[in-house]
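If you read the protein sequences in the order shown, they are chains A and R.
Per our numbering, the very first residue in the first sequence carries number 23; after that it's consecutive.
Per our numbering, the very first residue in the second sequence carries number 234; after that it's consecutive.
Honestly, the hints are just simulated from the structure, not real lab data.
Even for Gly, the Cβ is constructed at its ideal location relative to N, Cα and C.
Don't take each hint at face value.
[Claimed, not checked] Reference excerpt, derived from the structure (chain A facing chain R, CB under 10 Å, subset only):
hint, residue
1, M23
2, D34
3, E35
4, L36
5, L38
6, L61
7, L81
8, D83
9, A87
10, E91
11, A95
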Amino acid sequence: MTKEDFIHLVRDELDLPLGVDDLSADFDHVVSWDSMHMLRLVAAVERETGSRVPVGKLLADRSLAAIYERISAA
Amino acid sequence: MTTVSSPADRETRKSPLESLRALRADGTLAENYPSVAPLLAAMVSGGADADFRRAGNLLAQLDRQAVLTARPDTETAVVALTGHSTIGGVRAPLTAEFARHGVLVEDRLGDFDAYLRDLRDPASALHAPDVDLALWILDPQTLLDEMGTPWQADDLVRTAERKLAQIESLATAFTGNATAALVLNTVPLPRSVTHQLIDHESRARAGIAWRDFNSGLLRLALGNPRIHVIDLDPVVASGVPLDEPRMAAYAKANLGDDLLARYAREVAHLSRMLRGRTKKVLVVDADNTLWDGILGDDGPDGIAAATTFRGEAFGNFQRVVKQIGTQGILLAVSSKNDHEPVVQVLKDHPDMVLREADFARVNANWQPKDANLLDIAEKLNLGVDSFVFADDSPFECGLVADSLPQVAVVRLDEEPALHIEKLLADGWFDTARLTDEDRARAALYRTESERAELLENAGSMEEYLEGLGVRVKLAEAGAGDIDRVAQLSLRTNQFNLTTVRLQPADVTARVDDPDHLVLAIRSGDRFGDNGVVGAVFARRSGDELHVDNMLLSCRVFARGIEQTAVASLLAHAAATGARAVLASYRPTAKNKNVREFWPSMGFTPTATADDELHFRHDLENLPAVPTHILLDSTLEGTAS
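Only chain A is shown next, with the shape it has when bound in the complex (with noise of 0.2 Å):
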């Protein structure tokens, strides 16, 4: 999954109007993101790459940059 592809995903199935910059900022400066925001993009991620994602580890990340780091290396 390209970042381009992920920033896409977030837009679409988050409904957050993301900038690229926003990707490596800190969550709580990212618009009105919670943590089932998280949950719910691992679940589009996996409807979209058909392979799983470590959810657990991911809790831990606070931006959206470390996120598509965990995702691309799965």
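On the provided structure of chain A, position chain R as indicated by the hints.
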């Protein structure tokens, strides 16, 4: 901030979701709110579940106040939520499901796991007087968290009993203290619970205890009309997972997003039902909807609704349509065919489950289907917004959806084995309770064609009414009339003078109050008995009688029944010492035809406030009962 454009934006023909996003991007979503419902309906009937989910996320961020400012007429609802686990996932689907019915919902989510406080504290958000629906979402942990570790089947038996008793007492107290309808749900039994017990005997006992808990919840709704229980077992049985184990473990979301989305759909239909917006008519296509094949091409011998693999699937669909028709929903056919061959098939084709007599109208012709739906609506004297239309043709479905957005469209496809599931996916016909009138409705409408024939052969309206032999029976509503009177109050739109909607409990309260008069109007004629067709709600105040509302089913307009009821009411008022009868008319989009009703009965206008018209009758010149009516009244003081 740089935003990234989605590849879909570059395509020329927009999907409904893209249209919705375009409105949001233009900043015109609030003012275009009326176009949201048809876009959402198109997503659902087109099977675009993912788009619908995404639309919910989008709409959940829409500023309600901006919509109300731009579109002050938008219908609104307030839903308060409470529960034991993370239930935020239901908000976006609730927003979308209500918006699909044109309703702008405000959801008020309580604190996490605060249900005991929310239910007990009369100052909680759940008790606020403007709440329409209070959703108390139950999940497996509601029970499981009250058991220790390790646990045995007996612990579950006791916990389930205790919890049910607690829910019953909290729910009953809530309906006494708050005005909202309370919505509970059954809790599907997780396999991860039963299989913690390794012996079959304990597993069986745990399974029984769990089902007893759910049965107890359902029984609660039977005993209290203000409590509604959404049964999630059939939803889970249809293949929707109970939860997503990681969401449950990490976010305490004990009911999965997909299940909450289906729950939201049921809630929106429940809200429709409580507002009396239940659909009344099912219009079905014929070729490849009721039977396999094209009658015009294949001939009657070439179509099938039995004997072949596909034919049997169509036959099963017909059985379900018939089943719906026996519960008060009028059935009609709209088919592009010559009329005679379709009627012939319904008369004598051996495969058919549905027969000509099952349909209130058979419109088989070559006119566009939107025109046919309007024609059927006119003939049945019902609004087209009470119609559900099912067709296998994407073209016809699209045409009807575009031209008549108020019609619910069920888009069938080339797979007849899925017709039933698609027809029943939405609770369009949901109703609280069936009345005798519902069961007899199809037959009542069938006699309409015989009446129409009499009218055609009569020289004048007077001659027709004389020939019809209308009987009217007026009596104070009794316990057996409550459901039907409430139903009339909820469903009647045209002859509804103030459009005050009353639930069965409200009708009961008025029937039991000695200052109130609730009158049930029954009618019949030479073609049959119509049952309870109308009601009058009035109350005594000093030496005046106030008519709060009067209703009459659209089936029986203009036969003198309404004049008879009012003449009798006025005579009754005069005979029991009233000096005047006061009445009012509150205009809605649908009751314009009765604006002049009170003046036509000798009432004089007294005031106009907020476009509500007020009238008064001083009881000096009492109107007479029309001569063609045979009146049977148990009211004190007989009208002449």
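Hints, verified against the model:
{"no.": "1", "hint": "M23", "verdict": "14 Å, violated"}
{"no.": "2", "hint": "D34", "verdict": "6 Å, holds"}
{"no.": "3", "hint": "E35", "verdict": "6 Å, holds"}
{"no.": "4", "hint": "L36", "verdict": "6 Å, holds"}
{"no.": "5", "hint": "L38", "verdict": "9 Å, holds"}
{"no.": "6", "hint": "L61", "verdict": "5 Å, holds"}
{"no.": "7", "hint": "L81", "verdict": "6 Å, holds"}
{"no.": "8", "hint": "D83", "verdict": "13 Å, violated"}
{"no.": "9", "hint": "A87", "verdict": "15 Å, violated"}
{"no.": "10", "hint": "E91", "verdict": "19 Å, violated"}
{"no.": "11", "hint": "A95", "verdict": "18 Å, violated"}
In this structure, the earlier hints numbered 1, 8, 9, 10, 11 are contradicted, and the remaining ones agree with it.
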